Structures are given as structure tokens and as C-alpha cells.
Amino acid sequence: MIKFMLMVNRQGQTRLSRYYQPVELSRRAMLEADVVRCCLSRKKDQCSFVEYKDFKLVYRQYAALYIVVGVTDSENELSVYELVHNFVEVLDKYFSRVSELDIMFNLDRVHIILDEMIQNGHVVETNKSRILTPLTALDKMADG
Amino acid sequence: MALKIVKGSIDRMFDKNLQDLVRGIRNHKEEEAKYISTCIDEIKQELKQDNIAVKANAVCKLTYLQMLGYDVSWAAFNIVEVMSSSKFTYKRIGYLAASQCFHESTDVIMLTTNQIRKDLSSPNQYDTGVALTGLSCFVTPDLARDLANDIMTLMSHTKPYIRKKAVLIMYKVFLKYPESLRPAFPRLKEKLEDPDPGVQSAAVNVICELARRNPKNYLSLAPLFFKLMTSSTNNWVLIKIIKLFGALTPLEPRLGKKLIEPLTNLIHSTSAMSLLYECVNTVIAVLISLSSGMPNHSASIQLCVQKLRILIEDSDQNLKYLGLLAMSKILKTHPKSVQSHKDLILQCLDDKDESIRLRALDLLYGMVSKKNLMEIVKKLMLHVDKAEGTTYRDELLTKIIDICSQSNYQYITNFEWYISILVELTRLEGTRHGHLIASQMLDVAIRVKAIRVFAVAQMATLLDNAHLLTGNVQRKGICEVLYAAAWICGEFSEHLENPMQTLEAMLRPKVATLPGHIQAVYVQNAAKLFATVLKNQEGNTDGTAAQETSTLMIERLPLFVQSANLEVQERASCILQLVKYIQKLQQKDVEITEEVIALFAGELNPVAPKAQKKVPVPEGLDLDAWINEPPSESESEDEQPKAIFSKEETKYSRPRHTEVDEKELAKRREVRKQEQANNPFYIKSSPSSQKVYQEAPGVEHIPVVQIDLTVPLKVPGLPMSDQYVKLEEERRQKDRAEKKKKEKKKRKEKRSGRGRKHDSCPESEEDITPAHMVDIVTEEMPENALPSDDDDKDPNDPHKALDIDLDNLMEMAARRPLADSEKLPVRSHRAAETLKSPADDGDAESAVTQEPKKKSSKEKREKKKDKDKDRKKSKEEKKKKKHKHEEKGEDLLGGQEDEPVVQSEETSEVAAPPTSTTAEVSDLDFWLSNAPVPSNTQEAVTVAAAAEAAPVPEAASGTAPDSEPDEPKDTETEETKSSKHKKKKQKKEKEEKEKKKKKKHHHHHRHSDAGGEESVQNGTVEEEEPLPPMSNYCLLAENSYIKMMMEDADQVSDIQGNLQDGSQVVVSAIFENKCESFLKSMEFNVLDSLNSKLQRPEGSGPHDGLTVPFQLPPGVSNEARFVFTMQSIVMPQKLKGTLTFIVKNEDSSTHEKLDFKLHFTCTSYLITTPCYSDAFAKLLESGDLKCSSVKLEGVNMPFHHLLARICFHHHFSVVERIDSCASMYSRSIQGHHVCLLVKTSAQTVSIDAKCDEPTLLGNVLDEIKQTFSQC
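Protein chains in written order, with the working numbering: chain A, 1 to 144; chain B, 1 to 1271.
Please keep in mind that the hints were generated in silico from the structure rather than gathered at the bench.
Since the model is a prediction, treat every value here as computed from it, not as a measurement.
Idealized CB from N, CA, C, for every residue including glycine.
You may find that some hints are simply not true.
Unchecked claim - As a list, the in silico SDA-like pairs of lysine to any residue whose alpha-carbon atoms are at most 20 Å apart:
| # | chain 1 | residue 1 | chain 2 | residue 2 |
| --- | --- | --- | --- | --- |
| 1 | B | K87 | A | T136 |
| 2 | A | K53 | B | L358 |
| 3 | A | K128 | B | L18 |
| 4 | A | K56 | B | L319 |
| 5 | B | K16 | B | L68 |
| 6 | A | K140 | B | D127 |
| 7 | A | K128 | B | N234 |
| 8 | B | K336 | B | D385 |
| 9 | A | K3 | B | K176 |
| 10 | B | K610 | B | N628 |
| 11 | B | K87 | A | M141 |
| 12 | B | K379 | B | G366 |
| 13 | A | K128 | A | E89 |
| 14 | A | K128 | B | D196 |
| 15 | B | K1186 | B | N1085 |
| 16 | B | K29 | B | L18 |
| 17 | A | K56 | B | D362 |
| 18 | A | K53 | B | Y392 |
| 19 | B | K44 | B | Q19 |
| 20 | B | K332 | A | S74 |
| 21 | A | K140 | B | A53 |
| 22 | B | K307 | B | T270 |
| 23 | B | K352 | B | D385 |
| 24 | B | K118 | B | L68 |
| 25 | B | K352 | B | I310 |
| 26 | B | K332 | B | N408 |
| 27 | A | K56 | B | R213 |
| 28 | A | K3 | B | R213 |
| 29 | B | K16 | A | Y19 |
| 30 | B | K1186 | B | T1255 |
| 31 | B | K16 | A | A33 |
| 32 | B | K29 | A | A33 |
| 33 | A | K53 | B | E354 |
| 34 | B | K159 | A | R130 |
| 35 | A | K44 | B | R357 |
Said to hold, decoys possible - Derived coverage of chain B by chain A (criterion: at least 3 residues anywhere in the stretch with Cβ under 8 Å from a Cβ of chain A; other residues may be distant):
| # | segment |
| --- | --- |
| 36 | 18-27 |
| 37 | 1161-1170 |
Claimed, not checked - Residues on chain A that point at chain B, a partial pick, calculated with CB under 8 Å:
| # | residue |
| --- | --- |
| 38 | T14 |
| 39 | S48 |
| 40 | A63 |
Isolated chain A (complex conformation) (with noise of 0.2 Å):
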């Protein structure tokens, strides 16, 4: 299963963070530097599984932001690859060219986005137009 979920920029700042299993929140910021520094410092010939203490990273680079996604050791690697490009492509299609201010700016929506994806660490939804079903209805919600 998927333990969490970040987007972090090069710069190490956190721009999104979900977890699927509880982590206090001081080593949450630990958590996030050392698995960020962990990816950053691969280069891009380099695979992008990275073995990480007890569990598996997964990442991806899109421009400056990661995204990577820590799994349990039984997941399958490629399919959460997937999975992050997935959710890129769902990100991609609701902000129209998806950019790093539009995660930070609406980072509720986000969320909605990858709640309706992934819930308790397992894929509920990949079909992108029923993923954004939710919060397109939201989106008219508040505009009447």
C-alpha cells in the first residue's frame, strides 16, 4: 500500500503531502528532507525506485517538482509509477498546464483531486473525467 505522498520543488519545499499512515508531525519534516535529499541527489539515468529504510520510493520529475511516494515493499513498483503520472495527467487536465503555483494556490483542490484517487494508501479511481466528477460539481457549487 502507499504510506504517502509528497510534492516537493527542487528547493526541498514541501508543495504537497498526504499521509496514508499516521506520522507525527515532527518527523514529518524529517521524513520529507531525508527522502527528498534521497531523490534529489539521483540523477536522472538512475532508476526511480530508491530502497529507503524498511519501504520503497517511487518518484517522479516533472520540471522542478517531485513527486514521490513512498510504498510498502509489496507494492508494485511500476503501477504506482503510474499511478504518479496519472495523477499528473489528472492535474494537467483541471488546471489546463498544470504548474507548481496552481499546487500551492489551490492545494485544497488538490487534495480533492488525490482523495478521490487514492484512498487509505490504495488506488480507488484512475479514470480521469470520473476523478474530477466531484469537483467540477464543487466548482459549480460555488459559482451559483
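Assemble chain B onto chain A, guided by the hints.
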């Protein structure tokens, strides 16, 4: 009031929203903390306002700050306020904040229960959705308990959106409130078949996650998952399911067998790499759980390896990494298949990515052979030089040593080379593995006698150049090597060329900077060297040289006497005094060399780790007895006040002695083993017979290969391992040339040989002879060592090899199914494509004999058969997909059979995991049991109705006689047609349930002679099958209402206690309701004969029927078991019987009956009993067996099929098999031994048989003959 609202909204306009906050933080990079603290103050103000919009905005900002790592727990109550807003826009902000900030110890959570409940039942699906999502993050045990019911209701919500979420959150609820699992599970299971794929996938997710933790409890769902797997197209779901199967297969090898086929199909067909990877992983898991070496599995392994190769060759680093990862799993069980891809893996060693290189390194371990070891290690050494990071280099170092030392240095042909490698490794900077290198040096030097000269020379050089090792502070780890070097030089000092020089090197002042334990070894071995030096100078008449040595010692040793290390100090002062004394004697010209040498005389031999344990306890010695009477309890208490330290100690240590029980002893033994394993002086594994090179007389005198000293050495005195590679090459070439010569000679002599092939092919493993005769010393064992536990079996024992070869099958088959104590393996349906069946037979039978009283297990077994049948049927139907609709036989995967039984059991099972109910297990068995049977059944040999039906095997269509409307020869043509009509009608009515129905509905056609005409043998052979599936059941009788199948009489006998007064035979009959009505009050009756009697409950007359203990709803089958008592078992028996039952419709009920004949073959009195070859030989020698033989002509099947058939149908087990000849054994329920010797040549099979009961033997042979005449 209005003013307030206006004021509020105006305030809001000036408030920062999230965007402003983010911008602000970006604009205040220098003083971020300060900025944020002002923001938090603002937020606190905002939260004090009544306006919910303002609050929501504040909470939203807090969420962001929380992400940045600020503690916002103080706002928990405000978050709850926002959560309870009626407006969804705010509510979701509240929930989001809660999901991010709340954790189990957040106390305000308990305030939310009612709010959440309200939201869950809200008419707005998004309210519910957001509540569910939030809940999944912060659910507590209390919340879980209070809301479990609400969530459970939501699992059946009309909207899939809600169902999906509810299902997923149930997992969290289960975790927090385990009691909910039991009531919720049936519904959860239902969701596996939800029409919405999203919900289905959610349910799969949850169950997979549950099952991964407790796979055993979910085995019963395997059929359902299997169905999903073959029907789903969603890769996400497939991955989950396949992963789940990966977790289940270790528990149930039969499941694995069943999975192989669909998985390989997926591997072939899928384009999704993630799915491919998962399939490969699971196939590997399956193959690991199964025994290796089954022919059709090597194909699967090949497929996996091929696919992995494609992954590894891919330019995508991710795929490469995963490919290597999966490859290493295969390596453990199937090293051969991986070895062929050595090139690729070596290539990966050069990869840019360290993770990939590390994975490749893991794989290398299994790739080496005698031939390529040097080459691979050379390559690794290059990497060691190049490696930049110490971690990677250390990894390389350990791998090199692992690779070389594996299997007791199996692959090393030249130990000089290995020593050189070790010496080269000492030059690594900053390695932590000095200890590892040291222990290798010691091990090799001690155990490989021939290498000592060389090793000692190398070690002496090392000692001489010790400054190179110790000079740098970074190199601390490596100085461990000096420990080994000093010890080797001291212990084997007789090989030293210049002991004086080494002695001098060992006594340098710099040594005092080494760690204490190394100094200690230095001092001790300096003494040994001293002795050697004295000995060397013995011949000299002039004693000055010897005295000089003593002086050297006396000069240098005081340095060590001052050492802070106790050990060093003690040894040094002791030796110093000794040397001083020697010097005194020397000055008096006393000859003392002999005495000094005697100090260190004798050779240290390696001791086996188990040696201690094997020392026999001398007679009359009771290790547990007290040496002194323990002080009485009161006494010690009295003493307590005065007790001084030492007394207290005794007091505590003594009672502990008494507590040493078995466990404690075992633990200690474990600890000791551990210690020994870590001790370099203990030699770990004992070399197996093949690996030990024959000790040549006078090993020491065998000349060591000359080192070409013209090759420039890199470090003075330090050898270059590379030269050995060259040398080795040359040597091998020479060897080969010589061999060729020899072979040529041979060929000349023989002239007619196929030698050419040999000649041209590259040298094989065996061709590589070790560079010099090497004696890997075996460990010492104490005299008259106790022959103890199995693992100590002498590797030379010829029985051991036999053990593996023959009993492999048996043991493995026996252990696995039995490992699951829940169920009994079934003999009859572990159908056999291969030799496996005899083994299965064996275990089933032995299990039966062990537990003849276990009724439940018997039932299980029977159910299994039942399922087996259904399964076959469904498979057949699958094949005839054209008729799918008419047949309604689509429960391909046994989902249907599960329904009635499993569902009821499920609930209890879930909550009480360890005791999964028998019914379930049996259902699963049922589904699994015929896994390897490719399709419809064919011959059923020991069948009741065989005699009648055999002449017209095509008269009916095997086990699915009801399902062939177009089967022209079917005796029931008319009925089937009518039934077809009926079905169509029904189909319209119940389209939904169609899948679950598999039964046909014949009506109003009773066969007057059910036993004769209707009972059909499952004998349709019209379809070609690659491997002959086997089954022991047969259709006993059937009519339009009911079908009765009988498993061939399955015996249970009380062999141990009750051999004399005959035995019992158990007949399992499957009753299957084929009509739409309810069948009840079934009574089973058989006309007893003189010899055999149906066992009836006490008090019933000899002609009373037995009530079948169940009723059959439409489409359901069940199994009943009947016990017969037999007097004589030497002859086959036939019994007539009747089944009466009531058919109950909505409006009417009618009595019906069905006749049948039971056929007890002699075979059915045999019990598969494993027999070891030695026991078998004894039995044959005993001479009280009668002989008989039979010849079978025109048997056209592979020998192992033939054996499998005999094993399967006639309950034999293979004792020993050599080529096309096999000995087999079985035993009757009354204890008759039946031995077979089966030989085959061309198409003729001859069976020589021996038995102590000739009539029985004759009948059994006849039956065997019949088996083969039918195929």
C-alpha cells in the same frame, strides 16, 4: 445583527486567503518564520469570529501551514466547527484540515461522531463522500465502533461513488475495530461482484490487503478471485489480485498449479509492464512454492526469464531495475535458468545507476562456476578500483568474498589466486570489512593445507608492509587483516622463508598502536616464531644467532608488557619471563630448542560446529544432577542480610541451573552456534563428498605451481591476482591439450567414437582440474560421535542421495498439504499429469491411516471429490462455448459451488481466523483438487459402473451427460432436447442468476434401469489431451432429478489396531440435484452380501436404508459417506443399492428412486503406503510372497504416465525408479503387501508382482490390465 454580518463580510474582504498566504510566504523568504507567526496570529483572530466563511478561510490557511510543518493542533476545535458547516464548500475544507491534522490522540475527534454520522447519511453524495474520505484518515477505534454500522449500510448505497468509498474505508474500520470484520465480511465479499468496476476494485483492494496479512483465512475466496482474474480487464485490479494469489500460493500449492496457465497467458498477452511484472513475480512465487523440476514448469520459468531479459535489456532504467530484482528471486530456486543470462548481468555491472549495479551484484552470486569465477572476480576487482562510494565498494568486497567462498569454496580451482585476491582487497581504503577478509584468510590457510606455504609467504609480506595498512587513520577496519596474518605466520611458521625477519616485523614498536586483540595475537605468535627461529638455528654450532633472537624478544616485549590491554599484558609478561629463562639456559649452552618447540607442538585442526554437541555423554553422568546439594531456600534467606557479594552470586546462579529446561537449552545451543558461526576458528560447513579433493599422500610435498616472478608486482611482495588468471588460462589450455592428446589416443584405439563433439566443445565444469591438489580439511568430530539429528546426516551416505531422488516427490507433496493442519489432502483427485500423484496418494493414505477417526476430514475429502467433478464439468462446458447458453454451465471457476456452503460459513471464519471451518477448506479443496486436470475427465477405472458402461464409453458424455444437446449418441437425446427448452425459458426468467446455474433440468424421464443404462463411465475420450488426466470417480447413476457420483471406494482402515478382523471401506457419493425442485428425505440403501455390509446405525435392521444427512436445493451437490465392512478383500465385489428421495415442488411432492450398483474392486482395498527401498528389498527377500506377472501390449504412453496411472488408480507408490524400470509398493487394508516391478520396452509393459495373497494379486493385476486396455 445585520450590521454584524456586513462587518463580517467586509472583514473577509481584507482577510488574506490561501493564495495571499502563499504569496506572502514567497515574498518573505528571509523572514519566513516571522511572517508566518504574524499570519498565525491573524488566523487566530479570524477563528474567533462567528462568520463561518472567515473560519473556513482560516482553517484552509492552517492546512497549508500544517503541511509546512507548523503545529496547528490548537485549532482542532475550530476545524470541527468548520466540518459541521452545512455548506459543502466549507465542510470540505474542514474535513480536509481534519484529515491532515487529526490523529488518534486528537481529543476533539469524539465530538465529531454525530456530525460524521449525519454527513454519512446526507442526501448529498458529496457530503457523504467527503466524510468518508476524511474518516479514512482519522478514524479512531471509537469512531470505528460507532460508525461501523453506518458505513456498512453505505456499502450498499445506490451510488457507486459512495459504495466504492465505503468499501475502502471498511479496511480502516476493520483495523481499528476488528469485531466489525465478521458481520461486514459477507457484504464485502458481495462487493467483489459489484456491477460497478470501481466498487469491485475497491473490494479487491480491501480483501487483498486483509488477505496479505492472514492469507490462510482467505484461501476460500480463491475461486472467486480466480474468476475475477480471468474476467477483469482492469490492470489495477488484476495486479492486486495477482499479488494476492502470490500471497496465497505458499499455503496451497495446488492453487499455484492452477494459476500457472492463466498467468502465463497474461504474460504473453499483456502490454502493460506493471502487470507483466506482477505476473512474473507471482509465477515465480508459485514456482517457488511448488517443487521444482516438473517438466511443464521449466517452460514457465523460461518464459519468466525471457520476459525479464527483455525488461533488463530495456533502456528504461526502471524496467532494468525491476527485471534484475525479479531475476534474483528466480535465482534462489532455479539458478540454472538465470545463469544463461550471465552476459546481460555482467553488462549491468557497468550500469551508471548504482541501484542497478547492486541488483546485478546480487545475481552474480548464483552465476559463478569453476570456469568463470576468476573472470567474474577480475571484473569485480576492476569495479572495486573504480568505485567511488565506500558503500558500494564494501558491497563489492563482501560479494567477492561471498562468491568465492560459497559452497565451501566449490568454485575455486586455484587457492593461490584466492589468497592474492584477499591480499589485494586489503589495499582497499576505508573498508569496514577487514574482519571478513581476515576470517577468510584464516579459513583458507587452516583448511587448505597445500596453500599454507604460499599463504604464509603472503602473510609475511603483509606483516612486513603493515605500515601500509595501518598508516592511515581511515584504514582502521582493515588492520583486522593483520590479526589473521600474524596468526597464520605464527602457526605455520615452519613454512616461513625468513622467520627472523617476520619476527622482527611483528615486534616493531608501531604494533603497539594496533587494537588490543591484534596485539595479543602478535605477542603469542611472536613466541611461536621464536620457537621456529630457534629450531632453524639448531644446527649452528655457534649459539650467538639464537641468543640474538632472545635478546630481540627481551628488548621488544616490555613494550607489550606495559600495554593497557590485559590480554596483551598477560601474554607478554608470561612470554617475556619465558624468553628470559631461555636466554639464561642458552648462555649456559643448554640445548633447549626441543623444549621450546614442544610449547607449540601439534597441529590445530578445524573443529566442526556441531562437534561439541555430538560428544557422547559418558555413561552414568547425569548433567542435570547437582554436584553439591543446593542450599535450602530458608538458609539462603537467613543468610541474606550478611551475604557478601560472592555468596549472593552463587545464590542467584544456582537456582537458574534448575530452570534449564529443554527450551532454554535449545536457546543456548542457538546462541552458541551463533557464536561459533562468528568465530573464525570454527569451520562452518562440512564439505560434501564430491567437493573434497582426495587427499594425496604427503600433501605438503606436492610442488606448488611456480609463480612467474618475472611478472612485475605492483606492491613489492604483494601478488597480483591477475597473473593467476593468465596462469590459470595457460594451465587449462595445457590440460585441455593433454586431454585432447589422450582422447586422440583413445580414439585411435577405439576408432568408432563420437569423440569429436567432445573435442570441440568448450571445457565443461568437470574438466577443470584444480591447480594443485587441494585438501579442504574436514572438521574434526569427537570419537564415537553420536549419530544425531537428521541434518547431521552423513553426506556420504548413499541413502541420502536416494532420499532426494525418490522421496523428493513424496516428501514434498506430503509436507505441503499437511502443513495446513486444517485439511486432509485427498488422494483421488490430485490428478496426475506427472509422477506427483503417487506421492499425493501416499500422503493422503498415510494421513488417513493415521487418523481414521476424523470424520470431518473424511468429509472434506469427499467434498473435494465432489468439487472436482463439478470443475471438470465446467471445464468441459467451457470448451463447448457454443452451447454456453443452453448449458448454463458457466460457473467455470467454481464460484457457484461455493455459494451455498461457503457463504454461510464465511462469517464465522473471518472473525475466527485460525479455525477456518472445514466446509470452507473442503470447498476450496473441491475447487483446487483437480487443478492439473486439463479438461474433462476420461477414464475412471475403478468405478462402480465400469462393467456396465465400459462397452459403450461414448454413450454419454462423461461427467456432463446432461449438457450435450447435440450429442447424437446420447441415450437421453429426447430428454436433453426437452430440457433445452426448459432452460431457455428459465434463462429469460432469471438472466441474472444464469451464471450460477449449471444444472440441467430433465423432467419426467425416469430410467427403469438406472443402474444399468444410465450409469455412465466418464469415458469420453473423443478430445485429445496432452496429458492424461485421471479421476477416480464415476457416475454411479443418474436420472432427471439427481445425479450420483461415486468416488471409488476409498478405504479407511484401522491398520494399527485392527488388522485381523477385516476393515472398513468408505464410499463417498456425490449427490447432485439437477432439477429445479428441492430434494429431501434421501435414503441410501444397499443389499448386503455375505462378505460386505453397509454399516448402519445401531438399532436399525439389516435392510433399513441410511438417511442422507442433507437436503439438496436446486443445483446443489453434496457428498455423503457410507461405511462398509468387508470380510474378505481378495475378490472384487458388487452391491446393488437404491436411493429413494422426495422431490418437492412448490405445489407437490413426489417420491422417486434411483437404482445403482456399487463395485468394489480389489484395488480399492489397497492403500498407498510409501515404502523405502531398503524395506522393500527386505520384503522381497523374505520369500513369503507369491509371484505372478502380467504383460501389457501396445501401451503407448510415457513411462512416468504409466507409473502415475498405476499409482493413481491402483494406489501404489513408487519405491524406486531406474530408467524404464520401477518398483512399486502398496498394501491392502488387511495388511497384504503388494510389490510390483514394472518394466517397459517399446510398447510392451511387463509387470512382475509379488504378494502374500495370490488371489488378491491376481485380481489387482487384472484390474491394472483393464486400466491400460481402456486407454
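**Q.** Restraint check for B/K352 with B/I310, where alpha carbons must lie at most 20 Å apart
**A.** 19 Å, holds
Q | Agreement of B/K336 and B/D385 with the hint, judged by alpha carbon distance not exceeding 20 Å | A | 30 Å, violated
Q) With a cut-off of 8 Å between beta carbons, are at least three residues of the segment 18-27 of chain B near chain A? A) It holds, with 3 qualifying residues against the three required.
Q. Between B/K16 and B/L68, does the CA-CA distance stay at or below 20 Å?
A. This hinted pair holds, its Cα atoms lying about 18 Å apart.
**Q.** Satisfaction of hint between B/D362 and A/K56, Cα-Cα up to 20 Å
**A.** 18 Å, holds
Q. Against chain B, is A/A63 within 8 Å by beta-carbon distance?
A. Interface hint status for A/A63: violated (17 Å vs cutoff 8 Å).
Q. Quick one, are A/K140 and B/A53 close enough, alpha carbons at most 20 Å?
A. Holds - the C-alpha atoms of B/A53 and A/K140 are around 18 Å apart, at most 20 Å.
Q: With a cut-off of 20 Å on the C-alpha distance, tell me whether B/K87 and A/M141 pass.
A: Judged against 20 Å, a Cα distance of about 10 Å means the pair holds.
**Q.** Given hint A/A33 paired with B/K16 - CA-CA distance at most 20 Å
**A.** Not satisfied, since the Cα-Cα distance of roughly 29 Å exceeds 20 Å.
(Q) Please verify whether B/K307 and B/T270 have alpha carbons no more than 20 Å apart. (A) 12 Å, holds
Q. Does the structure keep A/K53 and B/Y392 at a Cα separation of 20 Å or less?
A. 17 Å, holds
(Q) Just to be careful, I want the Cα atoms of A/K128 and B/N234 compared with a cutoff of 20 Å; is the pair within it? (A) 15 Å, holds
Going down the numbered hints, you'll see the structure goes against 3, 8, 10, 15, 24, 29, 31, 37, 40, while the others check out.
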